[in-house]
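Spelled out from the first residue to the last, the chains are:
Number of protein chains: 2
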Amino acid sequence: MARRPQSKDLVLMFDRPQEPIFMPKGDDGNIAFDIPTELLGNRINTDMGIVDRLGASQADEHISVGSIAIPDLSIPQLLSRDQNFSLFIPLHRRAAARLIEIFMGMRNIEDLISMCAACRERVNPYLFNYALSVAILHRPDTRNLQIPPLFESFPDKFVDGAIFGKARQETEIFQSGSRQPLEIPMDYTASDLDIEHRLAYFREDLGINLHHWHWHLVYPFSGPRNLVDKNRRGELFYYMHQQIMARYNFERLCNKLGRVIRFLNWRDPIPEGYFPKLDSLVASRVWPPRHANALLRCNREVDQLRVDIQDCERWRDRMFEAIHLGSIVLPDGKRQNLTEEGGIDILGNIMEASILSPNQNLYGDLHNLIHVLIGLCHDPDARNLETFSTIGDPATAMRDPIFYRLHAFVDDVFQEHKATLPPYETNRLNYNGITVRGVDVVSQGVPRNEFKTFWKKDDVDLSRGIDFTPRGNVFARFTHLQHTEFTYRIQVENNTNSDKIGTVRIFLAPKFDERGVNMVFRDQRLLFIELDKFTTTLKPKTNTIERKSTDSSVTIPFERTFRDLQSNRPSGGTQLEAFNFCGCGWPHHMLIPKGTPEGFSCQLFVMISNYDDDKINQSTEGACADAASYCGIRDKLYPDKRSMGYPFDRVPRSGVNTLQDFLTPNMFVQNVTIRFSGQTFDVQGADITNALT
Amino acid sequence: MARRPQSKDLVLMFDRPQEPIFMPKGDDGNIAFDIPTELLGNRINTDMGIVDRLGASQADEHISVGSIAIPDLSIPQLLSRDQNFSLFIPLHRRAAARLIEIFMGMRNIEDLISMCAACRERVNPYLFNYALSVAILHRPDTRNLQIPPLFESFPDKFVDGAIFGKARQETEIFQSGSRQPLEIPMDYTASDLDIEHRLAYFREDLGINLHHWHWHLVYPFSGPRNLVDKNRRGELFYYMHQQIMARYNFERLCNKLGRVIRFLNWRDPIPEGYFPKLDSLVASRVWPPRHANALLRCNREVDQLRVDIQDCERWRDRMFEAIHLGSIVLPDGKRQNLTEEGGIDILGNIMEASILSPNQNLYGDLHNLIHVLIGLCHDPDARNLETFSTIGDPATAMRDPIFYRLHAFVDDVFQEHKATLPPYETNRLNYNGITVRGVDVVSQGVPRNEFKTFWKKDDVDLSRGIDFTPRGNVFARFTHLQHTEFTYRIQVENNTNSDKIGTVRIFLAPKFDERGVNMVFRDQRLLFIELDKFTTTLKPKTNTIERKSTDSSVTIPFERTFRDLQSNRPSGGTQLEAFNFCGCGWPHHMLIPKGTPEGFSCQLFVMISNYDDDKINQSTEGACADAASYCGIRDKLYPDKRSMGYPFDRVPRSGVNTLQDFLTPNMFVQNVTIRFSGQTFDVQGADITNALT
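Respectively, the protein sequence lines represent chains A and B.
Per the UniProt record's numbering, residue 1 is the first one in the first sequence, and the count goes up by one each step.
Per the UniProt record's numbering, residue 1 is the first one in the second sequence, and the count goes up by one each step.
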């Protein structure tokens, strides 16, 4: 059966990215593209018998792809098919921008599919994936499509490279159905001799890295301006990464490690080494390791990259100068103030730097190029023909301990700006007439005000990312942190005579610092991680608000992070629409930090702010807002008028030394504990702790 | 057709080392082992349908393997299946020794094949290859078998890792016959920004690395004593490596680089980095790189390895003390002299160290453990779970520039001993009545006394080393140095009245040093590379000896280095017998150094020594002596009674400052030139130089 292409066929373009386009696609290899010979590579179109032999003719469903004139691909082809692709490298950005333009310019779905077929055979597979993903996200006729999680097309960016040889064996020897999942050990990158390895479960978490990749896909810093220029994107760059830092530092304290030391002096050797043990299937290389005590330097003609530390220092110093003067210098020499409302957005774009940065000549390209500097320090002049390390790709950057040291510096610059802003006085915190009387966390089988955490095993399918293997799933089994679902129960008194609308803001922070001493507010505010934010209506008198942990405004459900296209293929339009933006979001299983076996003391902070001061007048009906706090809402304004991170984004008003000092009646603090149970649960949810020991 | 196992079936055990034993073997997959279920792994023997499905039932020829009791494999299994195996690591040596014992202990071929089938499923594939190779070399009933070159089973140790993804694509998409050879670029490990890269064509040459692996296979330093204790093996360790150093330094001078700087201070950072870009298919990892300026340290509990630089320094100092005192201390406290004849053999065994080392408590395990120290310096305490780098495996060690710096030190120790020996006075050099009157090098189309060198492309088959791909060859095309074949024409006068037998010794050295100044003999003697050595009968009066370059006593023919099992399967017994020992030998295409485009000035030295003082009374009829100078002859004495390297292995007699001073009438020096033509010839021998530029 042959039929015309439909938009949903685009997702098949992501399957097994290094196989020829005409090879059978889909899980069972039951669907195939019929490609006009002129779109195929030269060697193949002289022998079309190949197409039959490789199984396409046995597919039940055939998609007739029309011909199309192949455009000039010289810019996208600046990147060869077996190079690694990084948006941080300006040359690669140009290649991506051109390919996105090509895809965006196609008149209709049929042309787009023809163009994809032609390009898929001719450009770098990872570049193809990126450009097509961005195009699908932004084209009016494809935006409702669900892009498969990057993990499915490029599992090599997410799991131990050693798994692929095993997966190949498993699929070749055993038939689909009798294959066993391949266990990825928890400790494959390092041992406990490396104290940083205690955080590997966080840094190497699949969901966290998928979130980071997806966030940068939704918020590209480069490309056509209308794709980049999203509401408060500079501020969100600051806030999303600030929250990553808060979460990472929180986890460090749980693991008896001090907070991250900012990476300030770029001339010092970097004591942290990192050996990612990831393959790059595209490059047939591995991601290069960084040895301990590496020095930064980068002058690579081959990549047209010369990054001098002196340049970076000048950009940094100019940023600090702008912050301390309260204004930046524009290209025409005039100054623009860094206002309380908009300053952080400008600084976010300057720091990252996105193409929205108002004066890149002066303020440079600091964050991206330090990623590059670190990512290439093992081969600074390219004499060894090495590509960048994991820090050079948003899909892998968060694996490396240096990512957090770099972002501790980045966040520090933002905080320097925040320190120049007026503190929130009580009138900007309080909600007259609203008093929070009590907060509890309740969870079945867990003591009140305790979070329970444990290890959980789950499977993800590798089969769409491994070329030339027999069809059918082959699963990797990984172990991740998880927590027992819980409910917030919040007692609120409305002392007015009318219904009031409030925004409930829930945060969590450690109670004690590294020395076991109560935190001072100035430090603790930076460690508050956002757990949830939602709107509620408060009737007069007593209200009890119940809110489930799974409804969190920062996370997406586990199933969405690791969506299995087979079992979970949405059928309706709304669901489809929902998916892509929702692909962005903190993985729900990492909502709660690990805690400790003895119980880690935390403070749960709940505030109800006046919705009149929070609200954005827009309809978000049908829009996916699942993880809006970290990801925004597609094509909408950021759904909270306050500064991101409110009320913790400023230094406190005078006289506030502790969290208790900070409270106004519409706030409440509950002491809670995170207890890591030490248990491991298998895929079906059975406790297998004893079987493991 | 099913038949009983024969000894020749053993070589099929080397095919595609990670596929299950029952999968079809041989080039066309037309032969298969029928394995009793109890020898298979548990998952497979419960579903014998797998065996059929994977094609074994379609094989034309079936080998009925008998059952056998599986012995205790706990020692060989100390190495897991996906670990990398290194004889330098004592724990791995134990595993290998046990497996060799098991194979050596089998009563007959049928039992050996059953045992191989069982072990192949259960032990590390590289360990299996090594142990079976050693067993085949040493068992009386298998020694005539030809072991496939390691390249065929483990191509990943020899060629750019990027080739394997391409080879998989090529074999999946194109059928045998229409596949194109996959080109391995000459410069895939580094660029000319790294001056050491100028020598990559030497260090990364397939034949050179195969020679080194094969040499260490023939001369293991550990294992059952009767396998180790070969005639003059310690001296040969010295001489073979001395010649490697001479050849490498010679090549360096051709490339306008100074001679190797000895690696003396092991506490200094190592400026040379090396990024091998080799996969380890067994470990599903790559060979780790060494960054520039690495420091040595090694304390890895996981490998039961603690190597202190202080220990190494003590061993080194004790060796020097023994050399300068002229005797070593034995375990019973007595001293043994380092005699002119036997001293170097003892020192070779002490230095390496082989199990023949007479007092390892005192003199340690220096050379092997410095290999280990360097090989693990990127992860000295194993915190990063990294395996050793290329220097840790004889099959890959010669790729790394540090190999030569280490062996420059090793050789220096030996030379220190040689300096204590009496110089050869003229009576030990001269051959009364014999005068060499002239020497010429002649070669078709090349000026007299010129060597012509160029690049040549050739193909090697990867298919036996890539698991789970469609059958049929897939070739890697590599580019190597080659020279035009030539003939030595030597004019000799015999002024006696009777036939005389002489040993013709031919050496080549650079004429000028790094500064372009004539070499002094003390330095030049260390750069003389042996080109040939053979016995000749000189009739009275004038004799003209003609000798072809292809008959060299240091090299093996190109076809033997890269033997294609298909096209070159020896049929007769003698040929079979010949192969294995002959697998050892300097690759013929590297006989002559590269030279320079303008012509590199060298001195060709020819000497005819008195056979009465050279000869060993033994029959070498039928024994392979092709590369006897570097490899010895199997089960025979080393075929030259003189000290290896004679006459250049001593400091010269007093008064000798130049090569000319050194000459006695039975010697002759001819000025010759090596001219690198800059041409590249394709596989068929056509000049494609212009097509490339």
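Treat the hints loosely; a few may be bogus.
Where chain B lies over chain A, by a calculated footprint (3+ residues, C-beta under 8 Å) [as the list claims (entries may be wrong)]:
hint : region
1    : 48-56
2    : 163-173
3    : 177-189
4    : 303-309
5    : 377-387
It should be emphasised that the hints constitute simulated quantities derived from the structure, not laboratory data.
Computed from a predicted structure; not experimentally measured.
Glycine included, each C-beta is placed from N, C-alpha and C at the ideal position.
Here is what the structure says about each hint:
Counting residues of the region 48-56 of chain A whose CB falls under 8 Å from any CB of chain B gives 3; the rule of at least 3 is met. For the region 163-173 of chain A, the stated coverage by chain B is satisfied: 8 residues place a CB nearer than 8 Å to a CB of that chain, which reaches the threshold of 3. Only residues whose beta carbon comes within less than 8 Å of a beta carbon in chain B count, and the region 177-189 of chain A has 5; three or more means the coverage holds. For a cut-off of 8 Å, the count of residues in the region 303-309 of chain A with a CB near a CB of chain B stands at 0, and the three-residue condition is violated.
Evaluation of the coverage hint for the region 377-387 of chain A: fulfilled, as 8 residues show C-beta separations to chain B shorter than 8 Å, against a requirement of three.
In summary, the one numbered hint that this structure violates is 4.
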